[in-house]
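Asker: Going down the list, the protein sequences come from chains Z and D.
Okay, so the first sequence: first residue is 1 according to the numbering used here, each after it adds one.
Okay, so the second sequence: first residue is 1001 according to the numbering used here, each after it adds one.
Derived by calculation from the structure, the hints in this document are not laboratory data.
Hints are supplied without guarantee of correctness; some may be wrong.
Said to hold, decoys possible - Some but not every residue of chain D turned toward chain Z, in silico, with C-beta under 8 Å:
1. Gly1044
2. Trp1047
3. Tyr1052
4. Gln1108
5. Gly1109
6. Val1114
Unchecked claim - The following residues of chain D were derived to be distant from chain Z, with all beta-carbon distances above 10 Å:
7. Gly1009
8. Gly1010
9. Ser1025
10. Asn1031
11. Asn1035
12. Tyr1059
13. Tyr1060
14. Arg1067
15. Thr1078
16. Ser1088
17. Gly1101
18. Asp1104
19. Met1111
20. Thr1113
21. Ser1116
Using N, Cα and C, we set each Cβ at its ideal position, and we do this for glycine too.
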Amino acid sequence: DVVMTQTPVSLSVSLGNQASISCRSSQSLLHSDGNTYLSWYLQKPGQSPQLLIYLASNRFSGVSNRFSGSGSGTDFTLKISRVEPEDLGVYYCFQHTHLPLTFGSGTKLEIK
Amino acid sequence: EVQLVESGGGLVQPGSSLKLSCVASGFTFSNYGMNWIRQAPKKGLEWIALIYYDSSNKYYADSVKGRFTISRDNSKNTLYLEMNSLRSEDTAMYYCAKLAGALDYWGQGVMVTVSS
Chain Z
1 DVVMTQTPVS
11 LSVSLGNQAS
21 ISCRSSQSLL
31 HSDGNTYLSW
41 YLQKPGQSPQ
51 LLIYLASNRF
61 SGVSNRFSGS
71 GSGTDFTLKI
81 SRVEPEDLGV
91 YYCFQHTHLP
101 LTFGSGTKLE
111 IK
Chain D
1001 EVQLVESGGG
1011 LVQPGSSLKL
1021 SCVASGFTFS
1031 NYGMNWIRQA
1041 PKKGLEWIAL
1051 IYYDSSNKYY
1061 ADSVKGRFTI
1071 SRDNSKNTLY
1081 LEMNSLRSED
1091 TAMYYCAKLA
1101 GALDYWGQGV
1111 MVTVSS
């Protein structure tokens, strides 16, 4: 199984500052079709997860441009610029290049 | 507007069965793969099952293989998860999610509690 290692486990950021979350996979997430099926989600307190980034670097419809994804192969990063109060919650990376599909263990973002 | 609405959860005893449903609207259900994901209390997300748009392929996490069955009825825009031989470790919120390049839409979740 592909292990998704997210760091840090938790992050405390002042409003207006930048946050960065890393996700490393135990195997390359480049699919034979040329796509990299790595996505990022935010689960706000008491809510279902919501998609932020798909195919490693594409912002989903309606997602603020303060969120950006980058990376390839086994090393990926989610950056949140100018952190706002509504950004708090748990962030997860997820891969669906390989079966079984797997999530990272999550990064809890707190506002300092 | 895309909507996914789960139902069928509840409190059940170990060893029993339960069937969850997820009714979809706002998109052409028969064109997309669908997933079940669960989240145990205070824990992270765990993918548990995927079904292709035409039911031609189904995949499961090892933790549920042989006990859970994913299915769909495209004429009713409905996804199902039949859960047998339930264990205490199956206690979780269960979400259905549409797959289109990523898990782009999720339901609100339905709680399943397995306890004697």
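Asker: Each hint should be assessed against the structure and marked as holding or not.
Answerer: Hints and how they fare:
no.	hint	verdict
1	Gly1044	holds (5 Å)
2	Trp1047	holds (4 Å)
3	Tyr1052	violated (12 Å)
4	Gln1108	holds (6 Å)
5	Gly1109	holds (6 Å)
6	Val1114	violated (21 Å)
7	Gly1009	holds (14 Å)
8	Gly1010	holds (19 Å)
9	Ser1025	holds (16 Å)
10	Asn1031	holds (17 Å)
11	Asn1035	violated (7 Å)
12	Tyr1059	violated (5 Å)
13	Tyr1060	violated (8 Å)
14	Arg1067	holds (15 Å)
15	Thr1078	holds (19 Å)
16	Ser1088	holds (21 Å)
17	Gly1101	violated (5 Å)
18	Asp1104	violated (5 Å)
19	Met1111	holds (13 Å)
20	Thr1113	holds (18 Å)
21	Ser1116	holds (28 Å)
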